[in-house]
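> Now for the letters of each chain:
There are 2 protein chains.
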Amino acid sequence: MADVKVIQTVSEMHRVADQIRADGLQIGLVPTMGFLHEGHLSLIGRARRCADRVVVSIFVNPTQFGPQEDLEAYPLDFERDRMLIGDFGGDLIYAPDAEEMYPEGYASYVDVEGLTRHLCGASRPGHFRGVTTVVTKLFAAVKPHVAIFGQKDAQQAAVIRRMAQDLNLDVEVLVSPTIREVDGLAKSSRNFYLSPEERQEASVLYQALQKAKCLVADGERRADVVIGEMRELIERRPLAQIDYIEAVDTADLQPMEEFSGEILLALAVQFGKARLIDNLVVHTA
Amino acid sequence: MADVKVIQTVSEMHRVADQIRADGLQIGLVPTMGFLHEGHLSLIGRARRCADRVVVSIFVNPTQFGPQEDLEAYPLDFERDRMLIGDFGGDLIYAPDAEEMYPEGYASYVDVEGLTRHLCGASRPGHFRGVTTVVTKLFAAVKPHVAIFGQKDAQQAAVIRRMAQDLNLDVEVLVSPTIREVDGLAKSSRNFYLSPEERQEASVLYQALQKAKCLVADGERRADVVIGEMRELIERRPLAQIDYIEAVDTADLQPMEEFSGEILLALAVQFGKARLIDNLVVHTA
Numbered sequence: 001m002a003d004v005k006v007i008q009t010v011s012e013m014h015r016v017a018d019q020i021r022a023d024g025l026q027i028g029l030v031p032t033m034g035f036l037h038e039g040h041l042s043l044i045g046r047a048r049r050c051a052d053r054v055v056v057s058i059f060v061n062p063t064q065f066g067p068q069e070d071l072e073a074y075p076l077d078f079e080r081d082r083m084l085i086g087d088f089g090g091d092l093i094y095a096p097d098a099e100e101m102y103p104e105g106y107a108s109y110v111d112v113e114g115l116t117r118h119l120c121g122a123s124r125p126g127h128f129r130g131v132t133t134v135v136t137k138l139f140a141a142v143k144p145h146v147a148i149f150g151q152k153d154a155q156q157a158a159v160i161r162r163m164a165q166d167l168n169l170d171v172e173v174l175v176s177p178t179i180r181e182v183d184g185l186a187k188s189s190r191n192f193y194l195s196p197e198e199r200q201e202a203s204v205l206y207q208a209l210q211k212a213k214c215l216v217a218d219g220e221r222r223a224d225v226v227i228g229e230m231r232e233l234i235e236r237r238p239l240a241q242i243d244y245i246e247a248v249d250t251a252d253l254q255p256m257e258e259f260s261g262e263i264l265l266a267l268a269v270q271f272g273k274a275r276l277i278d279n280l281v282v283h284t285a
Numbered sequence: 001m002a003d004v005k006v007i008q009t010v011s012e013m014h015r016v017a018d019q020i021r022a023d024g025l026q027i028g029l030v031p032t033m034g035f036l037h038e039g040h041l042s043l044i045g046r047a048r049r050c051a052d053r054v055v056v057s058i059f060v061n062p063t064q065f066g067p068q069e070d071l072e073a074y075p076l077d078f079e080r081d082r083m084l085i086g087d088f089g090g091d092l093i094y095a096p097d098a099e100e101m102y103p104e105g106y107a108s109y110v111d112v113e114g115l116t117r118h119l120c121g122a123s124r125p126g127h128f129r130g131v132t133t134v135v136t137k138l139f140a141a142v143k144p145h146v147a148i149f150g151q152k153d154a155q156q157a158a159v160i161r162r163m164a165q166d167l168n169l170d171v172e173v174l175v176s177p178t179i180r181e182v183d184g185l186a187k188s189s190r191n192f193y194l195s196p197e198e199r200q201e202a203s204v205l206y207q208a209l210q211k212a213k214c215l216v217a218d219g220e221r222r223a224d225v226v227i228g229e230m231r232e233l234i235e236r237r238p239l240a241q242i243d244y245i246e247a248v249d250t251a252d253l254q255p256m257e258e259f260s261g262e263i264l265l266a267l268a269v270q271f272g273k274a275r276l277i278d279n280l281v282v283h284t285a
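Line by line, the protein sequences give chains A and B.
So that you can map any letter, position 222 of the first sequence is 222 in our numbering, and since no number is skipped, the others follow by simple counting.
So that you can map any letter, position 7 of the second sequence is 7 in our numbering, and since no number is skipped, the others follow by simple counting.
Since the hints were derived computationally from the structure, they do not count as laboratory data.
Possibly wrong hints are sitting among the right ones.
[To be verified] Here chain B is said to cover these stretches of chain A; the calculated rule only asks that three of the stretch's residues, wherever they fall, bring their Cβ under 8 Å from a Cβ of chain B:
1) 105-116
2) 162-169
[Claimed, not checked] Each pair of labels, with its calculated beta carbon distance range:
3) B:Asp-183 with A:Arg-15: 45 to 51 Å
4) A:Met-83 with B:Pro-67: 55 to 61 Å
5) A:Leu-25 with B:Val-6: 51 to 57 Å
6) A:Ala-285 with B:Ser-11: 45 to 51 Å
7) B:Asp-97 with A:Gln-19: 33 to 39 Å
[To be verified] Once the Cα atoms are required to be at most 25 Å apart in a straight line, the calculated DMTMM-like pairs of lysine to aspartate or glutamate come out as:
8) A:Lys-213 with A:Glu-262
9) A:Lys-213 with A:Asp-153
10) B:Lys-5 with A:Asp-170
11) A:Lys-187 with A:Asp-87
12) B:Lys-187 with B:Glu-235
13) A:Lys-5 with B:Glu-235
In this text the structure is predicted, and so the values were computed from the model without any measurement.
All residues carry an ideal CB built from backbone N, CA and C; glycine is no exception.
Chain A on its own, in the form it takes in the complex (with noise of 0.2 Å):
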């Protein structure tokens, strides 16, 4: 396997994402924070079926994390992540610095509204602002005919989908399943801070979205009695600190009193130091 080719600056990246247009090929963009685990994986894969050219975007994106959060924390380990890149099928990693991505004198944002209102826009202020602007500085660098985004993110592909429709970005946005461990809970690069006993526990996040899905099956259709449910469950775990649960459109992501259609159940819950989401739709027809 040869080395995964590693661009990191934007006018690099401009005139290889050229290259590959002039060349009449198909660029796949697989946007990370790096640290990646079986779900980016799976990106990758679905990336290589979809376009001739995968692109790898590694980035920490600072401005997507508020002052109280994990930015300092996060995980990294570039050169894992560029041979497993290069394994499973990745041609190019994308990895521009912070200076790069944010000099001096930078002042230009994108906004989504509304479907930023609830669930992570709720508790993450600014959050999506960081995610969106990044996004849109990553489509621009990268001129990628498709991007894959994941479930697990669910307010985030959903949010994306939404920006690239409304700028008139010339890019498919596709979303793929969330993988999950063999319990159920949703693989995530915050996993790993994990310690035994919370990682036990966290289970429970899936188990919640089950038990929704189950009683959503058998006809109830009042969020609160759902939630409740699903609150009742988290709370049995000592070390599970709920940040929210929600029931919400899964069209514009507004919070739904009666279920019908499709609904998205989100939630967040804390564990230690680990903020983890996870989501499930359901439907009651």
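Given the coordinates of chain A, work out where chain B should sit on it, guided by the hints.
Chain B only, in chain A's frame:
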């Protein structure tokens, strides 16, 4: 002269832009709100010299008008514009309608901080958010290599240059000199609103800028003195209502009290229905 092709949808614009790029040709974009005058035509000429294919966009962008502004009255003459664009070397017109640009559920906006705080940014809240958002959309739709803006809208040009650089848009932003009437009045679609009396008085804008230039050339360095002289001159015209007269650093568009280096002298003055802007860059060296 053949009829200039008109494109009205984002998807067709993407397709045509991709085709031009696949042919190895350079795209030049001249964004306009239509009702073209010699200022626009000089931008088209500049684009003609820098690019192989010139796209002129025509879109009266509602999001950059305030509720009390002249959106409804803004002059339109598409057939005249189309003829002029053909005569002056444009190859394509991109003219989406408001529904194509801002469909129901539209939610995404681009902001540039800092540079938008003074001048028109202060007197037209939301104006530059509308401008940066629509220009991002036009860049994404037309995929230009180069885009040409007019120096008459000096703040707009600075904001868009900042935005393109910040968001890593692979578009060269060029700024072309202001085109003036024989008495110095800057060409503007809004001059159309002026009554004969207002039109005659409006030449005072250029006179005030020239006076300021002379004062600075003669060694005056105090912003309040220069601005005071400009204000006095303009206030002698009974139909003129000053919106602002400001002196700002050309780099960051922040007000300067003591002149040094490059100073942007900029003003906005209302004559009846027409809010006119103009500016001049002066040097202390």
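> Hints first: check each against the structure and report whether it holds.
Checked hints:
no.: 1; hint: 105-116; in the structure: holds (count 11)
no.: 2; hint: 162-169; in the structure: holds (count 6)
no.: 3; hint: B:Asp-183 with A:Arg-15: 45 to 51 Å; in the structure: holds (48 Å)
no.: 4; hint: A:Met-83 with B:Pro-67: 55 to 61 Å; in the structure: holds (57 Å)
no.: 5; hint: A:Leu-25 with B:Val-6: 51 to 57 Å; in the structure: violated (31 Å)
no.: 6; hint: A:Ala-285 with B:Ser-11: 45 to 51 Å; in the structure: violated (31 Å)
no.: 7; hint: B:Asp-97 with A:Gln-19: 33 to 39 Å; in the structure: holds (36 Å)
no.: 8; hint: A:Lys-213 with A:Glu-262; in the structure: holds (12 Å)
no.: 9; hint: A:Lys-213 with A:Asp-153; in the structure: holds (19 Å)
no.: 10; hint: B:Lys-5 with A:Asp-170; in the structure: holds (21 Å)
no.: 11; hint: A:Lys-187 with A:Asp-87; in the structure: holds (19 Å)
no.: 12; hint: B:Lys-187 with B:Glu-235; in the structure: holds (22 Å)
no.: 13; hint: A:Lys-5 with B:Glu-235; in the structure: violated (64 Å)
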